[in-house]
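Work out the full structure, taking the sequences as your base and the hints as a guide.
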Amino acid sequence: MVKSPLLSAIRSHTRKRWRSWINRRIPVDDRRDFDRRCIFILPTAAGWVFGLLLVVMLLTGINYQNSLIYLLTFLLGALFVAAMHQTHNNLSGLQLALLQPGEGFAGDAIPFRFVLQGPHEATAIELGAEAGGPIILSVVGSERIEGTLQIPSRERGFLRPDRVRVETRFPFGLLMAWSWLRPATPALVYPRPVLPPRAPEGSVEAGDSEAVAVSQGQDQVELRPWREGDLSARVDWKRYSRNGEMTVADWEGEQGSPQWLDFEGFPGVDHELRLSYLTALVLDRDRVGEPWGLRLPGVMIEPDRGAHHRRQCLRSLATWQRTPPGGDGGR
Amino acid sequence: MNVAVSLLPTRALLWLLCGFVLLLVPQWDRLPVWLIVACLALAGWRWLAQLGRVRLPGRWLRLTIMGGLIAVYVATVHGRFSVDTAASFFVLAVGLKWLETANRRDFFVLFFILVYLATVNFLFRQGIGWSLVTLAGVVVILVALQLLHTPPDSRQSAFRGLRRLGTMLLKTLPVVIALFIFFPRMAPLWSVPLVSEQARTGLSDSMTPGDISSLAQSSERSFRVSFGGDIPEHRDRYWRGLILDRFDGHTWSQWQEEPYRRLGRVDRDAGIETLAANQYDVLMEASGQRWVYALDNSRAVSGNISEVPGELFRLERPADTSVRYRMALEPETGEVGELSPGERRRYLQLPSSGNQRSRQLARELATGTASDLAFANAVLNRFREQPYYYTLRPPAMPDDPVDTLLFDDQRGFCAHYASAMTFLLRAADIPARVVAGYQGGSAGADDAYLIVRQYDAHAWVEAWLDGQGWVRLDPTAAIAPQRIESGLRDAVAEEGSFLEDNWASPQRYGDLALVQWVSLQMDRINYNWQRWVVGYQGQSQMDLMSRLPGGIGLRELGYITAGLIGVALLVAAMVAAFRHGGGKRPDPATVMVLRWERILRQRGVAVPAGATPLQLASLTEQQAPSAGRIARAFAGDLNNHYYGTGARLRRGSRHHRTTGLRLMRRRLAHVRRELKRRSTTHGPARQHTADPARRPF
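The listed protein sequences correspond, in order, to chains L and E.
Taken in order, the first sequence gives residues 1 to 331; the numbers are from our numbering.
Taken in order, the second sequence gives residues 1 to 697; the numbers are from our numbering.
Quick caveat, the hints were computed from the structure, so don't treat them as lab data.
Be careful, since some hints might not be right.
Listing some non-contacts, in silico: residues in chain L with all C-beta distances to chain E over 12 Å [to be verified]:
(1) T14
(2) K16
(3) R17
(4) I22
(5) R24
(6) D30
(7) E143
(8) R239
(9) G244
(10) G268
(11) L296
Derived CB-CB ranges, DEER-like [to be verified]:
(12) L569(E) x R37(L): 16 to 24 Å
(13) I10(L) x T612(E): 29 to 37 Å
(14) G51(L) x G303(E): 32 to 40 Å
Quick reminder that beta carbons are idealized off the backbone N, C-alpha and C, glycines included.
Structure below.
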């Protein structure tokens, strides 16, 4: 078959029109109540075959003048229409909301947490995005049910599935009713951590007066007696076994001389790769437990430590020079 | 292979298997035994594979099984093609499909095939019992389909699927009935014979008195009759079907063989107009023959039968399904025609030799009687006075059967005596013929109609008497008057041979009132089902429509059907529009939470998804500080409702719960008033951003 350019143009035009019509109908929002204005319903492939079967049955009935076959055909035909209701009702009235977009590293699947609730029972509601999913949720009673959709990420930045398709084929699988949720809140994708092949040229080259030489590990440790409230992990157990003194290692870093992780520490390296290096270093510092600061062009995060600091740095790395996706055709 | 098996939920597969077995049941006596066994074995194999006991066959084994079974099929079919053989192949295909049912697609394929199997069942079985079995099979496979689309861990059980299906069927029933009534019954598009040759119980077109008739041992129904007026007396109910007028010394057959016509469906039906007082309506079971049965002096009313010479009636083709036709009784005209020389020769035909003693007897009787009628009476008197016996266990009569019966054995049943009497009449130069048909019949429930069974089959004699035309003479009436007055049961009561080979027949147990009552009631249900549902065809539809105002033809019916479908869809859509969501009534507290969220959103507050009542309260307080106290109280109520001691009240005191809800509703109304007041006095509220934790930038 020769593809006519006119035909494909018409097709792409129609698709675009359809898309924009859908987008007008379903604005970007983190929550959506499914009602008849945004639920679409069509027979599945099996549904079309079923329709064909009904036609064949009707022909059989006509040909053999068999009343019972007529009756069976009408019964199944009516059931098909009733199934349309069932399938539609299964989705109608439900509310789907994006509870919490997750965070993760590029290349990993990012979890998106959704909550589904409704005034009635709903069986086998399928959630899926273009990439990722599907997961199947059922509302029992009028409970809320949560489900996590894993959406694979490719690059750092904001990740927002354009559309999350909510579909149900219950009860017979002959029809499918579907709608979309177009989430507003994006997930954050950190750069993929890549260990730099050599130590960064550090802050020495940066020429910053505040810069301190690369930390020398245990040398900077100051020991003090154990106090109530100190973590047992910090107790220098070797020393304890030697002389029975409970000593706690207190890093110098708490007072100062942190390590700066600097974007400019990798001259000549591709920007994205530099971010990956920095990510790996952040994770490394965090694992070791040393304080660090992060410097990106236009962003400076004061040295600190801990989960919150780590997340702040990772977020900065993820969103550096990225703008959050705006609501196209949104509210 | 085994990995694929687990793709299907076990419950769904089990139900589908059950549906298959149910749908096989109505065909059990039509299908060859090997096919049923093979199907059950294949289905059982699939089930064991699902349980993990055995493996499904690999590709080669599967192909071997398939090839083997198809070879057996081809060998047993002998190249005949009809719906019957096609249906058998269809069943075989379903059986084979079980071995390759691994995923959802296969499941759907099987579902579709099984639905069509149900359709095929209706071609062969239309009684109400079998129809219900088939319908049950369809319901079971529909449940199976629901189970396929239900997550295995959910609470959706087969019972709920059944209930859902029942509700759906109940709701759509009016539309189904309306469609059934109004859908135009069109003429068939093409014709394929339903069955190839199949032995059926019933009268055949030849009669060999020496052979033992098996008909008398069958209680199968031949036909049922409803009369517009009173049911005639038993002794007057001679149902004429065939004239046997050629005798070769052993066998009586038809002078003119029936022209061969292909077996098929009789398309026209008898209509459902009210029966006139002289009319009767016969519902004949599928006989595979063209002849139908009628009382003396009948006239065809329905268009599906036509009269042939000899005051007999024929269908347009041998019927492979049940046929309903309608006749009217006419008063005797008194006109007597003439017998043409050709006809005379035909009704006097006898083999040139044999049965010499009988010929001698005829000559002797003829010389002693003045008229043909007197001769006939002399013969009947001989039967009446001499020790002739009516028996269902006659001895075999291989040579000169008429002589043997008349002079040696003197034991026989209707066919023997009719044959002998016709022989004597013809030997005395009186035109005569054997008539085969049924005599009598028993009343159905409440005497509403008449059931004529195979054991009512009868043969009698008609003789041409000058000035009177054809006169019915029944030698059986002379020998065993009970046979004619009340039926076979009484005639052979002494002998005890009534249905002696037929243990299962309820008619055999005529003395058990309960058995009789149940059997008659069931027959009545079936009769009405056959007449009004199965038999609702073109003419019946037209008759029904003619009662409605306006000339409704096929075309109008088409419009009505289209309109019906349109209106039904419209009503369905409107119901869906009004009853948003449907299903169970939502929990009142949930409704209140949703309302609260809506009120807040109307005021321009961004409410995060899944906000707790306390979060909602703080949002409300930000919006309208004056509502803070009452909002917090309301949130407390909600939490109490869900998690507190109030939750226990759900099952307990209803009174407590409703008062609690009433209080909550009042508080919500209060919150709403406060919020409204704020927004009217302070203008549109400031837009709050969502939970800051979720929007870090």
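Hint check against the structure, violated hint numbers in rising order
6, 7 and 13
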